[in-house]
Amino acid sequence: MEQINQADTAWMLVSTALVLLMTPALAFFYGGLVRNKNSLNTMMMSFVALGVVGVTWAVLAYSLVFSEGGPLLGGLANLGLAGVGVEPKGTIPHVLFMAYQGTFAIITAALISGAVVERMRFGPYVAFIVLWTLLVYAPVAHWVWGGGWLMTRGVLDFAGGTVVHINAGVSALVAALVLGTRKDYGRQAVLPHNVPFTLLGAGLLWFGWFGFNGGSALAANELAALAFSNTFLAPMATLLVWTLLDYFRTGRATAVGAATGIVVGLVAITPAAGFVSPGSALALGALAAFPSYFAIALRSRTRIDDSLDVFAGHGIGGLTGALLTGILAQKVWNGAGNDGLLYGNPAQLGVQALGCLSSAAYAAAMTFAILKAMAFVTALRVVPRTEGVGMDVSQHGEEAYASGEGSILIHPEMASSAPEPLPAFTPQVAPR
Amino acid sequence: MKLIVAIIRPDRLNEVLEALYLAEVRGLTASRVLGHGGETERVETYRGTTVKMDLQEKVRLEIGVSEPFVEVTIKAILGSARTGDVGDGKVFVLDVEQVYRIRTGEKNEAAVTPAVAAN
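These protein sequence lines are chains F and R, in that order.
Going letter by letter, the first sequence gives residues 28 to 459 in this note's numbering.
Going letter by letter, the second sequence gives residues 67 to 185 in this note's numbering.
Keep in mind that a hint or two might mislead.
Chain R is nowhere near these chain F residues, computed Cβ spacing over 10 Å in every case [stated by the list, open to error]:
1. 95
2. 108
3. 405
Restricting the straight-line Cα-Cα distance to at most 30 Å, the calculated cross-link-like pairs of lysine-lysine (DSS-like) are [unchecked claim]:
4. 210(F) - 118(R)
5. 173(R) - 156(R)
6. 156(R) - 141(R)
7. 210(F) - 156(R)
8. 156(R) - 118(R)
9. 141(R) - 68(R)
10. 141(R) - 210(F)
11. 68(R) - 156(R)
12. 399(F) - 116(F)
Think of the hints as simulated: they come from the structure by calculation, not from any bench.
Owing to the predicted nature of the structure, the values given are computational and were not obtained by experimental measurement.
Glycine included, C-beta positions come from ideal geometry on N, C-alpha and C.
Chain F with its partners taken away, still in its complex shape (with noise of 0.2 Å):
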């Protein structure tokens, strides 16, 4: 019998919270690491994703991951959040659960955004993060949580590895890839407007994602405690062993290095926090530093122009958390998960791989599909121009640091003799 816990219920409440609040972190972390001109469009691009994909997650894709259905998609039973009501889902009521759930939606989305800053279209990338939370997100997730194949399968991702973070990351990779690189890509510098931003980020980032790891215990119990201490533990080392390899590589500690190994750390941790000991998440986090390490210094040597490394962050940082959920998982810390290579299980990591695989495969498909498809319609980028103005200008009508200087006031009276908005849209279009 099924019975709400009071002190479930208020944990929850708070973990949700904490997640959202990921979403905005996440715009000052990529908001800081792009130029001026494109900052509040880049920022933007995370914010609108509370919108839309909050409204898609509540009206269609909740009942696509979690309302009863076959292995590869859910119902639709809860669509429009019919039957979701303040009845026990576990041991809290079956709203929250469905907000909780719904935040993990959005920030998933969001980060996807990293990769085509300062060059896509606004307009197109909602449509684009509407359509791929529908049809990419909605699967996997039920994939793996919502009584899908993988879950059948035995597939360890406490809090959304797979899901979230090697999904988002493959699918930025080949939105990249089918975008094409920012006119300035490789020809000038494209520095970072504002490096606190990005640290501020980081650490609103970590804050939130206690109640990303600790909260996917959906209780206040031991197994929250575990995922807490070792969201606590291994962005730490992450952190450490990150700025250790910018010294020896560099000779400087940067502090752009330093937000991004936390973050790296944090993506890595995510599959195994309530899998794996607090020691194992420290070893975990300080490996996990070295492939997205590495992978961020050759990305920018190609001509992928994956501008923020969402690839190499989350993708890489996603894959090297589930392979390694699948060597360090303890059944003595969580019953309810498996031991993995380490423990006399090398099975487990068989099944990580394949959770990996079939996700990363999955996404990279249908992503890329959904933009082929998309841009048979409309253009998905700006004109070379308008890449040069800027995106906040030519797609907001705002400057982040506007100086009012030479600016002149329009009265509503006025109006019908002012000019016309430049129109964010229509002119800008490419030839496809």
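Assemble chain R onto chain F, guided by the hints.
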């Protein structure tokens, strides 16, 4: 000797610097300025307040050159700063009475000839 003053779009600055470098023009001063050259007004909206941005950000380059470099410099700027839209900017060429290089006290032609590193 001439002083070439060019007002250009900020987003063309990198192209212009590249063109000047390829034309072997060395030594310039750049500053951010506000200006208006008859381009279409840009309209922005903040909390329901609509404003017309009458002055737009531009970059002002100042380059002191010797006679043989005047044409080269102008050509490099015209070729690289142009987008074809109103608001691309201007190039002014001014006569210069005297130029001194502060470090050495060199005067005129010698002062605008790029310094060769001593070692």
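Notebook entry, point to check: Within 30 Å, alpha carbon to alpha carbon, are residue 210(F) and residue 118(R)?
Noted result: holds (28 Å)
Notebook entry, point to check: Is the Cα-Cα distance between residue 141(R) and residue 68(R) 30 Å or less?
Noted result: OK: residue 141(R) and residue 68(R) at ~15 Å, within 30 Å.
Margin query: Just to be careful, I want the Cα atoms of residue 173(R) and residue 156(R) compared with a cutoff of 30 Å; is the pair within it?
Written below: Distance of about 28 Å is within 30 Å: holds.
Note to self: Checking a non-interface call: every C-beta of chain R should be farther than 10 Å from the C-beta of residue 95(F). Is that right?
What the structure shows: Holds, since 46 Å exceeds 10 Å.
Notebook entry, point to check: Checking the smallest CB distance to chain R, is residue 405(F) really beyond 10 Å?
Noted result: Answer for residue 405(F): holds, closest chain R Cβ roughly 24 Å.
Item checked: Agreement of residue 68(R) and residue 156(R) with the hint, judged by alpha carbon distance not exceeding 30 Å -> holds (16 Å)
Checklist line | Hinted pair residue 210(F) and residue 156(R), Cα distance within 30 Å | finding: holds (25 Å)
Item checked: Pair hint residue 156(R) and residue 141(R), alpha-carbon separation not exceeding 30 Å -> holds (13 Å)
Next item on the list: Could you grab the alpha-carbon distance between residue 399(F) and residue 116(F) and see if it respects the 30 Å cut-off?
Entry: violated (39 Å)
Item checked: Beyond 10 Å from each Cβ of chain R, as asserted for residue 108(F) -> Non-interface label stands for residue 108(F): nearest chain R Cβ at 33 Å, farther than 10 Å.
Note to self: Run the distance test for residue 141(R) versus residue 210(F): straight-line Cα separation, threshold 30 Å.
What the structure shows: It holds: about 24 Å lies between the C-alpha atoms, which stays within 30 Å.
Item checked: Straight-line alpha-carbon gap residue 156(R) to residue 118(R), limit 30 Å -> holds (23 Å)
This entry does not satisfy hint 12, going by the numbered hints stated previously; all others are met.
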